[in-house]
Amino acid sequence: MKDKNFLIISVAFDTGGVAAVKDWIRPAAPGQLPKELLDIMGWEEAVCSRAGTPTYPCLIDEKHIVAELYNMVNVPTAVWINETGHIVRPAEPAGASDGFRTMDRTTLQMSPEVAAAGKQIRQLYVDALRDWVEKGDASAYILSPEEIRRRMPGQTESDALAAANFHLGQYLYQQGYKQDAQRYFAEAKRLRPESWNFKRQSWELEEPGKASGPEFWAAVDALGSQAYYPRIKIEGTT
Amino acid sequence: MPATVIYGDRPSIVADAMPEGKDLWLSLDDLRTATGWELKPQGACLADTCVPIPAGREAEFLRANDAQFNLAALTRLLGQPVAHDDTHNLWFFGEAASVRSHALLSLQAPDFTLPDLDGKLHALSDYHGKKILLVSWASW
Numbered sequence: 103m104k105d106k107n108f109l110i111i112s113v114a115f116d117t118g119g120v121a122a123v124k125d126w127i128r129p130a131a132p133g134q135l136p137k138e139l140l141d142i143m144g145w146e147e148a149v150c151s152r153a154g155t156p157t158y159p160c161l162i163d164e165k166h167i168v169a170e171l172y173n174m175v176n177v178p179t180a181v182w183i184n185e186t187g188h189i190v191r192p193a194e195p196a197g198a199s200d201g202f203r204t205m206d207r208t209t210l211q212m213s214p215e216v217a218a219a220g221k222q223i224r225q226l227y228v229d230a231l232r233d234w235v236e237k238g239d240a241s242a243y244i245l246s247p248e249e250i251r252r253r254m255p256g257q258t259e260s261d262a263l264a265a266a267n268f269h270l271g272q273y274l275y276q277q278g279y280k281q282d283a284q285r286y287f288a289e290a291k292r293l294r295p296e297s298w299n300f301k302r303q304s305w306e307l308e309e310p311g312k313a314s315g316p317e318f319w320a321a322v323d324a325l326g327s328q329a330y331y332p333r334i335k336i337e338g339t340t
Numbered sequence: 564m565p566a567t568v569i570y571g572d573r574p575s576i577v578a579d580a581m582p583e584g585k586d587l588w589l590s591l592d593d594l595r596t597a598t599g600w601e602l603k604p605q606g607a608c609l610a611d612t613c614v615p616i617p618a619g620r621e622a623e624f625l626r627a628n629d630a631q632f633n634l635a636a637l638t639r640l641l642g643q644p645v646a647h648d649d650t651h652n653l654w655f656f657g658e659a660a661s662v663r664s665h666a667l668l669s670l671q672a673p674d675f676t677l678p679d680l681d682g683k684l685h686a687l688s689d690y691h692g693k694k695i696l697l698v699s700w701a702s703w
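For the protein sequence lines, the chains are L and P, in the order given. Residue numbers for the first sequence follow the numbering used here, so the first one is 103 and each next one is one higher. Residue numbers for the second sequence follow the numbering used here, so the first one is 564 and each next one is one higher.
No lab work stands behind these hints, which were simulated from the structure alone. This structure is a prediction, so every number in the text was calculated from the model and none was measured. It is possible that some hints are incorrect.
[Stated by the list, open to error] The calculated DSS-like cross-link candidates involving lysine-lysine, where the alpha carbons are at most 25 Å apart (straight line), are:
1. K106/L / K237/L
2. K221/L / K335/L
3. K280/L / K165/L
4. K124/L / K280/L
5. K165/L / K683/P
6. K693/P / K106/L
7. K237/L / K693/P
8. K124/L / K312/L
9. K280/L / K312/L
10. K237/L / K335/L
11. K165/L / K312/L
12. K683/P / K124/L
13. K221/L / K237/L
14. K280/L / K585/P
15. K683/P / K693/P
Turn these sequences into a full structure, and let the hints guide you.
Put into structure tokens, the structure is as follows:
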């Protein structure tokens, strides 16, 4: 798709910086991702061969500034931006779905039905993206300004205060005050409990692996019938 | 007392900051160096923007014969969030929710500049003229 005046820009929300992301962006031993991860992400094996490293910009966002600017609370979340620099789809889960919640938490296995449903949701998203890349403004998948604003909640004062606390924590972490940083991460999480970015990032900085450990699963279970990745309405408004 | 003041995403060390509870008093020179705000006859000014000091509330903003300015009072007036750490005497001033929301609701994609793995900086605006899928992920 890159020949069609289209570009992916990936942004890693990682306070751990280069050390945290380098093996993901440029694997030392490129190869296939494990099937379990493909199932969780709803990726097709064929399109995810890691034989090559990405040629598009893979940026590192230690301060989660893009999350703040675009009001993102989870990963993967994506925004479509057109040639004039305007948002044509707001921040939304990029093809990800909640199937992972049913998987075996030790083996990370999920049933073939759930895995297939996840792949289907992802495929809908990718097809919509291809349609936009092909047709531009004529695509049925871009949204009207009114619809974008309706789907895009503004930032509240509490959200802004949460972000300020996260930034303070991030600065302390970067200065080597890792324990002190957690006080402000905790305040960010308290002020904006819907941010999985704040939760999982701070857990991971506390202890590697904690972002997908028992605390994570307890928080996911506490959602009850609420979505982790809200289902998006992919169709346009035409 | 030395303090680190992060304003507009830029950390500055201020040698003679005077933190008092939720307030942060700075000399006018330090205020300008750390934040860009200056005191002018029309009020506190940052580039072309001036904010009048609310009538009757001068003492919240200015003291010592107008030689010291309370940065925290100004940011409260502007709705900017503040987080501070007393142990390290560190103050972070963020962007107001209304400014962030207004920027987003304009539907003009907010610009940012971030490094890649090699430290090369990329701005979103470098890619103006292309369709862009801006997608987040994380290692965790």
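Against the structure, the hints:
1. Distance hint between K106/L and K237/L is fulfilled; the C-alpha atoms sit about 10 Å from each other, no more than 25 Å.
2. Of the pairs offered as hints, the one joining K221/L and K335/L holds, with about 16 Å between alpha carbons and a cut-off of 25 Å not exceeded.
3. Straight-line distance between C-alpha atoms of K280/L and K165/L comes to about 15 Å, which keeps the hinted pair within the 25 Å bound.
4. The straight-line distance between the Cα atoms of K124/L and K280/L is roughly 21 Å, inside the 25 Å bound, and the hint therefore holds.
5. Under the criterion of a C-alpha separation no larger than 25 Å, the hint pairing K165/L with K683/P is consistent with the structure, at around 17 Å.
6. At most 25 Å may separate the alpha-carbon atoms for a hinted pair to count; K693/P and K106/L meet this at roughly 9 Å.
7. Among the hinted pairs, K237/L with K693/P is consistent with the structure: their alpha-carbon atoms are about 13 Å apart, no more than 25 Å.
8. With a C-alpha separation of about 19 Å, the suggested pair K124/L and K312/L falls inside the 25 Å cut-off, and the hint holds.
9. Using a Cα cut-off of 25 Å, the hinted pair K280/L and K312/L holds, with the two alpha carbons roughly 15 Å apart.
10. The straight-line distance between the Cα atoms of K237/L and K335/L is roughly 19 Å, inside the 25 Å bound, and the hint therefore holds.
11. Proximity of K165/L to K312/L is assessed by CA-CA distance (about 20 Å); at most 25 Å being required, the pair is judged to hold.
12. Restraint check: the Cα-Cα separation between K683/P and K124/L comes to about 14 Å, which is no more than 25 Å; the hinted pair holds.
13. Restraint check: the Cα-Cα separation between K221/L and K237/L comes to about 24 Å, which is no more than 25 Å; the hinted pair holds.
14. Restraint check for K280/L and K585/P: satisfied, since their Cα atoms lie roughly 24 Å apart, inside the 25 Å limit.
15. Of the supplied pair hints, the one linking K683/P and K693/P holds, its CA atoms being roughly 20 Å apart against a limit of 25 Å.
Of the hints listed earlier, there is not a single one the structure fails to meet.
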